[in-house]
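**Q** Chains as they are written, first to last, in the numbering used here: chain A, 1 to 422; chain B, 1001 to 1263.
Hints in this document: simulated from the structure, not taken from any laboratory.
Where hints are given, some of them may not hold.
[Unchecked claim] Chain B stretches covered by chain A per the calculated footprint, using a threshold of three residues with CB under 8 angstroms from any CB of chain A:
{"hint": "1", "segment": "1118–1124"}
{"hint": "2", "segment": "1187–1195"}
[To be verified] Just some of the chain B residues that point at chain A, by a computed CB distance under 7 angstroms:
{"hint": "3", "residue": "1077"}
{"hint": "4", "residue": "1078"}
{"hint": "5", "residue": "1082"}
{"hint": "6", "residue": "1088"}
{"hint": "7", "residue": "1093"}
{"hint": "8", "residue": "1094"}
{"hint": "9", "residue": "1106"}
{"hint": "10", "residue": "1108"}
{"hint": "11", "residue": "1110"}
{"hint": "12", "residue": "1111"}
{"hint": "13", "residue": "1115"}
{"hint": "14", "residue": "1154"}
{"hint": "15", "residue": "1155"}
{"hint": "16", "residue": "1177"}
[What the hints assert, rightly or not] The calculated lysine-lysine pairs, modelled on PhoX-like cross-linking and capped at a C-alpha distance of 25 angstroms, are:
{"hint": "17", "chain 1": "A", "residue 1": "412", "chain 2": "B", "residue 2": "1133"}
{"hint": "18", "chain 1": "B", "residue 1": "1140", "chain 2": "A", "residue 2": "412"}
{"hint": "19", "chain 1": "A", "residue 1": "286", "chain 2": "B", "residue 2": "1133"}
{"hint": "20", "chain 1": "B", "residue 1": "1065", "chain 2": "B", "residue 2": "1055"}
{"hint": "21", "chain 1": "B", "residue 1": "1085", "chain 2": "B", "residue 2": "1204"}
{"hint": "22", "chain 1": "B", "residue 1": "1013", "chain 2": "B", "residue 2": "1079"}
{"hint": "23", "chain 1": "A", "residue 1": "283", "chain 2": "B", "residue 2": "1140"}
{"hint": "24", "chain 1": "B", "residue 1": "1142", "chain 2": "A", "residue 2": "412"}
{"hint": "25", "chain 1": "A", "residue 1": "286", "chain 2": "B", "residue 2": "1140"}
{"hint": "26", "chain 1": "A", "residue 1": "283", "chain 2": "B", "residue 2": "1128"}
{"hint": "27", "chain 1": "A", "residue 1": "283", "chain 2": "B", "residue 2": "1142"}
{"hint": "28", "chain 1": "B", "residue 1": "1055", "chain 2": "A", "residue 2": "286"}
{"hint": "29", "chain 1": "B", "residue 1": "1128", "chain 2": "A", "residue 2": "286"}
{"hint": "30", "chain 1": "A", "residue 1": "412", "chain 2": "B", "residue 2": "1128"}
For clarity, every value in this text was computed on a predicted model and none was experimentally measured.
Every residue gets a Cβ at the ideal spot worked out from N, C-alpha and C, and that includes glycine.
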Amino acid sequence: MEKKDIIQSFKDSLFTGLIALALFGPIVGLRTASKGEGLFITPQWGIVFLLVGLCILGRFLINLNSARKTEITFFSKFTSKFSAITEDKAKHFAITAILFAAVFPFLPFTDRYFMDVAIMILTYIMLGWGLNIVVGLAGLLDLGYVAFYAVGAYSYALIATTFGWSFWICLPLAGVFAAFFGILLGFPVLRLRGDYLAIVTLGFGEIIRIILINWYEVTNGPDGITGIPRPSFFGLPFKRSPDEGETSFHLFFNLEYSTMHRIIFLYYLILVLALITNYFTLKIRKLPVGRAWEALREDEIACKSLGVNPTNTKLTAFAIGAMFGGFAGSFFATRQAFISPESFTFIESAIIVAIVVLGGMGSQTGVVLASIFLIGITEMFRDLEQYRMIAFGGAMVLIMVFKPKGILANRKPTILMHGGKK
Amino acid sequence: MSNLLSVENLTMKFGGLTAIDDLSFDVKNNQITSIIGPNGAGKTTVFNCLTGFYKPTNGQMFLHKEENKISLRKYTDFKIAYVAKVARTFQNIRLFPAMSVLENLLVAQHNELMVASGYSLFGLLNLKTYRDKEQLAVDKAKYWLDIIGLTHRADDNAGDLPYGDQRKLEIVRAMCIEPRLLCLDEPAAGLNPKESAELNKLLKFIKTEKQTGILLIEHDMSVVMGISDHVVVLNYGKKIFEGTADQTKKSKEVIEAYLGVDE
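Next up, chain B with everything else stripped away, as it sits in the complex (with noise of 0.2 angstroms):
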C-alpha cells in the first residue's frame, strides 16, 4: 500500500515546552491510522501541525499525489484545505450553529461554488451556469446527507441537532471539500455506545467507498480497536508505539504508557 502521508522528525516547542519530539510515522492510503495517547502526548498538536494551524519548529510533513511530494509546511491557514486537500474536524465541534445544515455542507464547497459564481458576478445576473452548479453541490449535500440519515433534518440550524448529528455532520462537511486526508480529532467524544458503532460505520464507508486516508485521534478504544489499520502512540510527545490494533493492545510499552510501570 502506498503511502499518503509521511511524517519526519516533526519537532514542535511552545518556549521550553517540547510538545512533540522528533515524531515520524506515515499514513497509508485507503487506511485508517489512529494516533493515541494519554492526555497531554501532544496528539491534538500534531493534527495543528499538519493542517496549518502551528506553524512546526523543525521537521517536515509530505502529501504524496501520485508521483508528487507536496510539503505541508508551505500551506498554511485555509491553502491547507483549499490546495492541499487536507480536511479536519475539531475536538468541540465547529459547525456554523446559525446556518441550516445545507448551508454548511455549501459552505464546504464555497472554492467551486465562487469559481461557479463568477466570484459573484454570474450570481448576481443569476446565469442558467451557475444555478446548475448551485443544484450539483445541493446534490453532494444531500449525497452526504443521505449517507448519515439527517436529510429531513437539511433546512433545520446545525446548532438544533443532537450531539451525535452534529458529530457526523462535521465529517461529512469535511467530506464535501473531497479530501485525499481527512483528519479527526475526537469524533466519538461524548457518544453513546449505539453511536460510536454508527461512527464506526460511517468512517469505513469512507475509507473504502471514497478511497480516503483518515488519520484519527480518539480516547475511545472501541473505536480506535474497531476501525484501525495502524496505531500510532505517543506520551510525553514522542512515538513510543507503532503497529496494527492487535500489536498495540499486546504491546507493553503502551500499557505502561497507560497504566503506569511496575515497581
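The shape of chain A in the complex, shown without the other chains (with noise of 0.2 angstroms):
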C-alpha cells in the first residue's frame, strides 16, 4: 500500500466525519429537556464526538480493507457459505429446517417468550410465501398485502362472533373471501406495471383499513372485535375449567392444566398452514399457470403474443395469493383473540414486501431466512425500545450491501429436459 492511498482515505475518512458530524450534531447533540416553564436545549458534544469518531475510524479502515481488494468481509463469506448449502443441498436443508420446527416447542430452553416469537415468525414465513406468489412468481408488486390479512382476520372474527362456527369451517371462508378481494383489487390494476401498480397497491391497503376503522357497525371501528373464539383441538378447547357437557384438552389427553398447551397448539396449526403454503407454491410452479405468472413476469407482450391470456393469469395470482394472505389473517386473529385496525397498517405490508425482496424474489428459502432475520433481529432488540427499528433498518442496509439480489435468488428452471445429470 502506498503513502499516497493512505493520505488519500485519510483525507476520505475526515470528509466522512463531516458529514457525520453535521447529521449527528443537532439529531444527538441537541438534547431538549424541560425544565420548568419552556424547553431547553442541553448539549451533549462528548457523544457527538464519540460517533463522529467512530465514523472516521470505520471508514478508514473500511478505506484500508478495499485498499487491500480483499473485499469479501465477513458477512458476504457467511452468506455466499449458506447459498451454497441450500443451493446443493436444499433438500437436506428443507428436510433439516423441518425437523427443528417440528421438535422445537419441546427443546429444553425454549419458554413461552421463544414461542411467541416463533409463532410469530411463522405467521410472517407463511404471508412471505403468499406473497411470493403475486410479487416473486408473477412480478406484481404488492404494496397492499396487509389488506388481504386484515380481509382474512376481519372475516374470521366476524363469522366466528356471529355464527359461533368452528375455526375449521371460518378458516376456507376467510381464504375464500381474501381471494374474492384479491380479484377486486385485480380487476382496476391489470393494466398497470411497475411503480404504478406498487401506488395502487398501497392506496388499496389503505383503503381497506380506513374502512375498517369507519364502518362501526359491522367492524366495530377503531375499538376493534373482542372475544373472538380460540381454536379447538378438534373439538376439544384449551380451557382450564370446561363449560357443562364438554371435556378440555388436558382433562381428555390427562395431563395438567397449562397455557403453554394452547401455544404449543397454535405454534403447529401456523407451522402446517405455512407448510401448506410451501408446497402449493412449490406444486403449483411447475404447472402452466406457474410458469405464465413466471413468464408474464419475464415479458407480457410476449405472452400475448403466445395466446396466454394475461386477465386470467394476473387475476389467478392475485387470488391465490390474497387467499393464503387470508389464511394467516384467521390464524392471526384466533390467536390474538383480539383484532383492530391498528394491527393491519401499511408497516405491515412493508414487512413482508421486505421479507421477500430481501430473501430473494421467488426463492421460498429465502423468505424463511429473511423472516428470521429480519424478525428475529426486531425481536432481540426489543428491549432497547426505539434503537430496534435502527436494528430492522440495518439489517435491511446489511443484506442490500451485501447480497443486492437477496438472501437466495438462484432460480431452478421448473421442467428439466437432462434430468438431474448434466
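Got two chains here, separate frames each, mind docking them using the hints?
**A** If you want it as C-alpha cells, here you go:
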C-alpha cells in the first residue's frame, strides 16, 4: 500500500466525519429537556464526538480493507457459504429445518417467549410465501398485501363471533373472502405495471384499513372485535374449567393444565398452514399457470403473442396470493382473540415485501431466512425499544449492500429435459 | 395456390400521421411473403395491426380457413394467437430471459397444457393424464430444439444463449403454438452470414414441412431474395410494388424508393 493511498483514504475519512458531524450534531448533540416552564437545549458534545470519531475510524478501516483488495468481508462470506449449502443440499436443508421446527416446542431452552416469537416468525414466513406468489413469481409488486391479511382476520372474526362456527369452517371461508378481494383489487390494476401498480396496491391497503375504522356498525371501528373464539383441538377446547358437558384438552389427555398447551397447538397450526402454503407454491410453480406467471413477469407482450391470457393469469396470482394472506389473517385473529385496524397498517405490508425482496424474489428458502433475520433481530432488540427499528433498518442495509439480489436469488428451472445429470 | 390471408384497404392513422394508407395484399398458403421498404415505411405497423397490438383505423384482414373467412379485426390481444393462430416474433427479441429454453417452449403451449392440467386441479393432484400431456409438450419442444440444434442447452436460461440462437429460439417458440400464419419481424437482424443461411434453411423447412404461411419483414436482402415467393414493397405506408423476388429486383419504383429519383 502506497503512502498516497493512505493520505487519500485519510482525507476520505475526514470527509465522512464531516458528514457524520452534520448529521449527529443536531440530532444527537442538541438534546431538548423541559425544565420548569419551557424547553431548554442541553448540548451533548461528548457523545457527538465519540460517534463522529467512530465513523472516521470505521471509514478509514473500510478504506484500508478495500485497498488490500480483500473485499470479501465476514458477512458476504457467511451468506455465500450459506447459499452454497442451501443450493447444493436444498432438500437436506429443508428437511432439517422442518424437523427442527417440529421438535422446537419441546427443546429444553424453549419458553413462552421463544414460542411467541417463533409463532410470529412463522406467521411472517407464511405471509412471505403467500406474497411470493404475487411478487416473486408473477412479478406484480403489491404494497397492500396487509389488506388481504386484514380481510382474512376480519372475516374470521365476524363469522366466528356472529355464527359461532368452528375454526375449521371459518378458515376456508376467510380464504375465499380474501381471494375475492384479491380479484377485486386485480381488476382495476390489470393494465398497470411496476411503480404504478405499487402505488395503487398501496392505496388499496389503506382503503381497506380506513373502511375497517369507519364502518362502525359492522367492524366495530377502532375499538376492534373482542372475544374471538380460540381454536379447539379437534373439538377439545383449551380451557381450565370446561363448560357443562364439554371435555377440555388437558382432561382428555390426563395432563396438568397449562397455558402452554394452547401455545404449542397454535405453533403447530401455523407451522402446518405455512408448510401447506409452501407445498402449494412449489407445486403450482411447476404447472402451466405457474410458468405463465413467471413468463408474465419476464415479458407481458411476448405472453400475449403466444396466446397466454394475461388477465386470467394475473387474477389467479392475485387471488391465490390473497387467499394465503387470508388464511394467515384468520390465524392471527384466533391467536390474538382481539383484532383492530391498528394491526393492519402499512408498516406490516412493508415488512412482508421486505421479507420477500430481501429473501430473494421467488425463493422459498430465502423467505424463511429473511423472516428469521428481520423479525428475529427486531425481537432480540425489543428491550432497547426505539433502537430496534435501527436494527431492522441496519439488517436491510446489510443485505442490500452484500446481497443486492436477496439472500438466495438462484432460480431453478421448473422442468428439466436432461434430468438431474448434465 | 389458395389465399391464406387477405388484407383489404388497411389504413392506420396515428393522429395526423397516416402510417398505412389503403394497403391491400394477399398471403398465399405454403409461401413466404416478404414485406420490404425503407425505414418508416410502415412495415411493423402492418404487423401490429395483423397481430392485434393495434386496432386499424380502416380496412379488413381475413384469415382463410378452408371455406371460412375469419376477420382478424374481431380478435385483439392474446386471442389472435389463441383463436386465430397467428404467431409472431419481434424486432427486438422478446424471450423470457430468466426462464430456461424448455420453459420458453412450454409457455407457448400454455393453453393446451392449461386444459390438460384441468386448470391446475389435475396438475395439483399429479394425475397421470396431465403428466402424459406434459410429456407430449416436452417431446414437441424437443422436436423443435433438435431442428435448431439447441437440445443440449434446453435447461439453460434463454437469456444466456448467443444472439443468433435466441432469434431461432423465438421462431420455434412461435411455431409451438402451431400457427397457420407466422409473422416474423426482421428475423435476420444482427445475424452473421452463416447464421442468416441457417435461418433461411429453417424458414424453408417450416414452409415445406409444416405447411405454414410465413409473412416476413426484412432488411437483409440476401434473406428476402433467397427465400421469398412473393414480395410486397411499401413506401410511406403505400404499396408501390408487388411481385416475385426477381421482378422486385428489376422494378424501377423499388429502386427509386431505396436510392432516390434521378434528377
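**Q** Work down the list of hints and note, for each, if the structure agrees.
**A** Quick rundown of the hints versus the structure:
Requiring three or more residues with a Cβ within less than 8 angstroms of a Cβ of chain A, the coverage given for the segment 1118–1124 of chain B holds, as 4 such residues are present. With a cut-off of 8 angstroms between beta carbons, the segment 1187–1195 of chain B has 0 residues touching chain A; three or more are needed, and the interface restraint is violated. For residue 1077(B), the suggested interface contact is upheld, since its CB lies about 5 angstroms from the closest CB of chain A, less than 7 angstroms. The restraint placing residue 1078(B) at the interface with chain A holds, with a minimum CB-CB distance near 4 angstroms, inside the 7 angstroms limit.
For the restraint placing residue 1082(B) at the interface with chain A, the shortest Cβ-Cβ distance is roughly 4 angstroms, inside the 7 angstroms limit, so the hint holds. Hint status for residue 1088(B) relative to chain A: holds, with the closest Cβ pair at about 5 angstroms, below 7 angstroms. Restraint check, residue 1093(B) versus chain A: the minimum CB separation of about 9 angstroms is more than 7 angstroms; hint violated. About 4 angstroms separates the beta-carbon of residue 1094(B) from the nearest beta-carbon of chain A, less than 7 angstroms, and the hint is met.
Among the interface hints, the one on residue 1106(B) holds; its C-beta lies about 6 angstroms from the nearest C-beta in chain A, closer than the 7 angstroms criterion. The interface hint given for residue 1108(B) is met, as the beta carbon of that residue sits about 5 angstroms from the closest beta carbon of chain A, less than 7 angstroms. Of the supplied interface hints, the one on residue 1110(B) holds, with its beta-carbon coming within about 5 angstroms of a beta-carbon of chain A, less than 7 angstroms. The interface hint given for residue 1111(B) holds, since its Cβ lies 6 angstroms from the closest Cβ of chain A, which is under the 7 angstroms cut-off.
The interface hint given for residue 1115(B) is broken, as the beta carbon of that residue sits about 9 angstroms from the closest beta carbon of chain A, more than 7 angstroms. Taking 7 angstroms as the C-beta contact cut-off toward chain A, the hint placing residue 1154(B) at the interface holds, the least distance being around 4 angstroms. With its C-beta approaching chain A no nearer than about 5 angstroms, residue 1155(B) sits inside the 7 angstroms limit, and its interface hint holds. Taking 7 angstroms as the C-beta contact cut-off toward chain A, the hint placing residue 1177(B) at the interface holds, the least distance being around 6 angstroms.
For the hint pairing residue 412(A) with residue 1133(B), the CA-to-CA distance comes to about 22 angstroms; that is within 25 angstroms, so the pair holds. Restraint check for residue 1140(B) and residue 412(A): satisfied, since their Cα atoms lie roughly 22 angstroms apart, inside the 25 angstroms limit. A C-alpha spacing of about 14 angstroms is found between residue 286(A) and residue 1133(B), which places the hinted pair at or below 25 angstroms, so the restraint holds. Distance hint between residue 1065(B) and residue 1055(B) is fulfilled; the C-alpha atoms sit about 22 angstroms from each other, no more than 25 angstroms.
For the hint linking residue 1085(B) to residue 1204(B), the alpha-carbon distance of about 20 angstroms falls within 25 angstroms, and the restraint holds. For the proposed pair residue 1013(B) and residue 1079(B), the alpha carbon gap of about 23 angstroms is at most 25 angstroms, so the pair holds. Only pairs whose Cα atoms come within 25 angstroms are accepted, and residue 283(A) paired with residue 1140(B) is accepted, the gap being roughly 23 angstroms. Of the supplied pair hints, the one linking residue 1142(B) and residue 412(A) holds, its CA atoms being roughly 19 angstroms apart against a limit of 25 angstroms.
Taking the CA atoms of residue 286(A) and residue 1140(B), the gap is about 18 angstroms. The hint holds against a cut of 25 angstroms. For the suggested pair residue 283(A) and residue 1128(B), the alpha carbons sit about 15 angstroms apart, so the restraint of at most 25 angstroms is met. For the suggested pair residue 283(A) and residue 1142(B), the alpha carbons sit about 23 angstroms apart, so the restraint of at most 25 angstroms is met. In summary, the hint linking residue 1055(B) to residue 286(A) is not supported, as the alpha carbons are separated by about 35 angstroms, beyond the 25 angstroms threshold.
Taken as a hint, the residue 1128(B) and residue 286(A) pair is honoured in the structure, with Cα atoms around 15 angstroms apart against an allowance of 25 angstroms. For the hint linking residue 412(A) to residue 1128(B), the alpha-carbon distance of about 24 angstroms falls within 25 angstroms, and the restraint holds.
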